[in-house]
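My request is simple: use the sequences and hints to build the entire structure.
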Amino acid sequence: MSQGPPAGGVLQSSVAAPGNQPQSPKDDDRKVRRREKNRVAAQRSRKKQTQKSDKLHEEHESLEQENSVLRREIAKLKEELRHLTEALKEHEKMCPLLLCPMNFVQLRPDPVASWSAHDAPDHPSFIWLGTLV
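Heads up: the sequence shown at position 79 corresponds to 79 in UniProt numbering, and the numbers run straight through without jumps.
Please note: incorrect hints may appear among the correct ones.
Below 25 angstroms or equal to it, Euclidean Cα-Cα: the simulated DMTMM-like pairs (lysine to aspartate or glutamate) are [what the hints assert, rightly or not]: (1) Lys52 with Glu66; (2) Lys93 with Glu80; (3) Lys47 with Glu61; (4) Lys47 with Glu59; (5) Lys47 with Glu58; (6) Lys48 with Glu59; (7) Lys78 with Glu66; (8) Lys55 with Glu66; (9) Lys52 with Glu64; (10) Lys76 with Glu86; (11) Lys48 with Glu36; (12) Lys76 with Glu90.
Simulated restraints on C-beta separations [stated by the list, open to error]: (13) Arg33 with Glu66: 44 to 52 angstroms; (14) Lys47 with His83: 50 to 58 angstroms; (15) Cys95 with Leu56: 52 to 60 angstroms; (16) Arg35 with Leu56: 27 to 35 angstroms; (17) His57 with Lys93: 53 to 61 angstroms; (18) Ala75 with Asn38: 50 to 58 angstroms; (19) Glu59 with Leu81: 27 to 35 angstroms; (20) Glu66 with Arg30: 47 to 55 angstroms.
Worth flagging that the hints you see were computed from the coordinates, not collected in a lab. Here the structure is a predicted model, which is why all the values come from computation and not from measurement. Each residue gets a CB set at the ideal place from its N, CA and C atoms; glycine is no exception.
So, in structure tokens, the structure goes:
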């Protein structure tokens, strides 16, 4: 009749398993050093993983704040666009220049019609008065 494991669940024996030789003190020392080295490496790995996670969390928080600021700026700019669009519509109703049959009104005569594009001044001779869509 075979005997089961003791109450702790582990069967201990002073006899080595077949094919294994009893451990020498030298082998025990190696095993202890290897386990200690592995324990230290595991601690380093967990610490590095925690630091990486903390850094990502901080970056996430920073990006959330930046995103919030940008969303508020977008809302502000949309409101400004709405206001300016309304002002332009009101101006178009009353502007006498827009009632002119031509879309272009010459502001000043072109003094040098032969200028090339790179010689021309920065300000145009003509301004388009049509509406923008």
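Hint-by-hint comparison with the structure:
For the suggested pair Lys52 and Glu66, the alpha carbons sit about 21 angstroms apart, so the restraint of at most 25 angstroms is met. A hinted pair counts as satisfied when its Cα atoms are at most 25 angstroms apart, and Lys93 with Glu80 qualifies at roughly 20 angstroms. With a C-alpha separation of about 21 angstroms, the suggested pairing of Lys47 with Glu61 holds against the 25 angstroms cut-off. For the proposed pair Lys47 and Glu59, the alpha carbon gap of about 18 angstroms is at most 25 angstroms, so the pair holds.
Of the pairs offered as hints, the one joining Lys47 and Glu58 holds, with about 17 angstroms between alpha carbons and a cut-off of 25 angstroms not exceeded. Among the hinted pairs, Lys48 with Glu59 is consistent with the structure: their alpha-carbon atoms are about 16 angstroms apart, no more than 25 angstroms. The hinted pair formed by Lys78 and Glu66 meets the criterion: a straight-line CA distance of about 18 angstroms does not exceed 25 angstroms. Between Lys55 and Glu66 the CA atoms are separated by roughly 17 angstroms; this keeps the pair inside 25 angstroms, and the hint holds.
In summary, the hint linking Lys52 to Glu64 is supported, as the alpha carbons are separated by about 18 angstroms, within the 25 angstroms threshold. This hinted pair checks out: Lys76 and Glu86 have alpha carbons roughly 16 angstroms apart, not beyond 25 angstroms. A threshold of 25 angstroms between alpha carbons decides the hint, and for Lys48 with Glu36 the separation of about 18 angstroms falls inside it, so the pair holds. Pair hint Lys76 plus Glu90 holds up; C-alpha atoms about 21 angstroms apart against a cutoff of 25 angstroms.
Distance hint check: the CB atoms of Arg33 and Glu66 are about 49 angstroms apart, consistent with the given range 44 to 52 angstroms. Between Lys47 and His83, the C-beta spacing of about 55 angstroms keeps the proposed range 50 to 58 angstroms intact. Take Cys95 and Leu56: their Cβ atoms lie about 56 angstroms apart, and the range 52 to 60 angstroms holds. Range check, Arg35 to Leu56: Cβ separation about 32 angstroms, and the 27 to 35 angstroms hint holds.
Here the CB-CB span from His57 to Lys93 is close to 55 angstroms, well matched to the stated 53 to 61 angstroms. At about 55 angstroms, the CB distance of Ala75 to Asn38 agrees with the hint of 50 to 58 angstroms. Judged by the Cβ atoms, the range 27 to 35 angstroms given for Glu59 and Leu81 holds: they are separated by roughly 32 angstroms. For Glu66 paired with Arg30, a C-beta distance near 53 angstroms keeps the hint of 47 to 55 angstroms intact.
Checked against the numbered hints given earlier, the structure satisfies every one of them.
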